[in-house]
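Engineer: Sequence:
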Amino acid sequence: DGVYDLRPSVVIRVYLRGWLVCDFSVIALDIAILAFFSASKSRVARLIRLSRILRLIRLRKASLYIKSFTEQIRAPDALLAAKLFELICLILCINHYIAC
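Under the numbering used here, think of the first position of the sequence shown as 157, with each following residue one higher.
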């Protein structure tokens with residue numbers, strides 16, 4: 157429909173169906189890494205890599221949402237601003253990924 161429903165009950169329901177599993181898995185992996193830090197270094201390294209892959213999957217999902225949002229913009233100036241914002245977000249995400 158192209159209409160965004162911002163009612164808290166709807167937003168919570170959408171979050172529980174989509175993002176909750178990904179958010180929970182990232183947090184659970186971080187906790188598992190801390191819990192098993194005394195384990196062998198190769199096991200910890202694999203868990204860290206898996207955690208990063210899950211975060212990249214989440215970023216991909218977020219980029220799809222941003223892309224669908226920018227496709228609905230019709231004004232050229234607003235579209236340019238949205239594309240610029242998208243690029244800035246991408247740069248910030250890449251920097252965050254490298255820093256972590």
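In short, the hints are calculated from the structure, not lab data.
Honestly, I wouldn't trust all of these hints.
As the list claims (entries may be wrong) - Cβ pair distances, simulated, as ranges:
| no. | residue 1 | residue 2 | range |
| --- | --- | --- | --- |
| 1 | Ala-188 | Ile-168 | 24 to 30 Å |
| 2 | Arg-169 | Ala-231 | 17 to 23 Å |
| 3 | Ala-218 | Val-166 | 31 to 37 Å |
| 4 | Asp-161 | Lys-217 | 38 to 44 Å |
| 5 | Leu-248 | Arg-202 | 35 to 41 Å |
| 6 | Ser-165 | Leu-206 | 30 to 36 Å |
| 7 | Leu-236 | Asp-161 | 40 to 46 Å |
| 8 | Lys-239 | Arg-205 | 15 to 21 Å |
| 9 | Leu-236 | Arg-169 | 31 to 37 Å |
| 10 | Asp-179 | Ala-234 | 15 to 21 Å |
| 11 | Val-166 | Leu-236 | 15 to 21 Å |
| 12 | Ser-181 | Ala-237 | 16 to 22 Å |
| 13 | Gly-174 | Ile-209 | 16 to 22 Å |
| 14 | Lys-239 | Pro-164 | 15 to 21 Å |
Since this is a predicted model, take the numbers as computed values, not measurements.
Note that the Cβ used here is the ideal one computed from N, Cα and C, for glycine as well.
Engineer: Next step is simple, just say for each hint if it's right about the structure.
Structural biologist: Status of the hints after comparison with the structure:
1. Ala-188 <-> Ile-168: 24 to 30 Å: For Ala-188 and Ile-168 the Cβ distance comes to about 27 Å; the hint holds.
2. Arg-169 <-> Ala-231: 17 to 23 Å: violated, 31 Å
3. Ala-218 <-> Val-166: 31 to 37 Å: violated, 19 Å
4. Asp-161 <-> Lys-217: 38 to 44 Å: Given a distance of about 19 Å, which is not inside 38 to 44 Å, the answer is violated.
5. Leu-248 <-> Arg-202: 35 to 41 Å: Given range 35 to 41 Å: violated, Cβ gap about 27 Å.
6. Ser-165 <-> Leu-206: 30 to 36 Å: Distance hint for Ser-165, Leu-206 holds at roughly 34 Å.
7. Leu-236 <-> Asp-161: 40 to 46 Å: Because 27 Å falls outside the window, the suggested range is violated.
8. Lys-239 <-> Arg-205: 15 to 21 Å: With a Cβ separation near 32 Å, Lys-239 and Arg-205 fall outside 15 to 21 Å, so the hint is violated.
9. Leu-236 <-> Arg-169: 31 to 37 Å: The hinted range 31 to 37 Å holds for Leu-236 and Arg-169, with Cβ atoms some 34 Å apart.
10. Asp-179 <-> Ala-234: 15 to 21 Å: At roughly 30 Å between Cβ atoms, Ala-234 and Asp-179 fall outside 15 to 21 Å, so the hint is violated.
11. Val-166 <-> Leu-236: 15 to 21 Å: Violated - the Cβ-Cβ distance for Val-166 and Leu-236, about 30 Å, lies outside 15 to 21 Å.
12. Ser-181 <-> Ala-237: 16 to 22 Å: Violated: the Cβ-Cβ distance is about 33 Å, outside 16 to 22 Å.
13. Gly-174 <-> Ile-209: 16 to 22 Å: Given range 16 to 22 Å: holds, Cβ gap about 18 Å.
14. Lys-239 <-> Pro-164: 15 to 21 Å: violated, 30 Å
The structure fails to meet hints 2, 3, 4, 5, 7, 8, 10, 11, 12, 14 from the earlier list, while all remaining hints are met.
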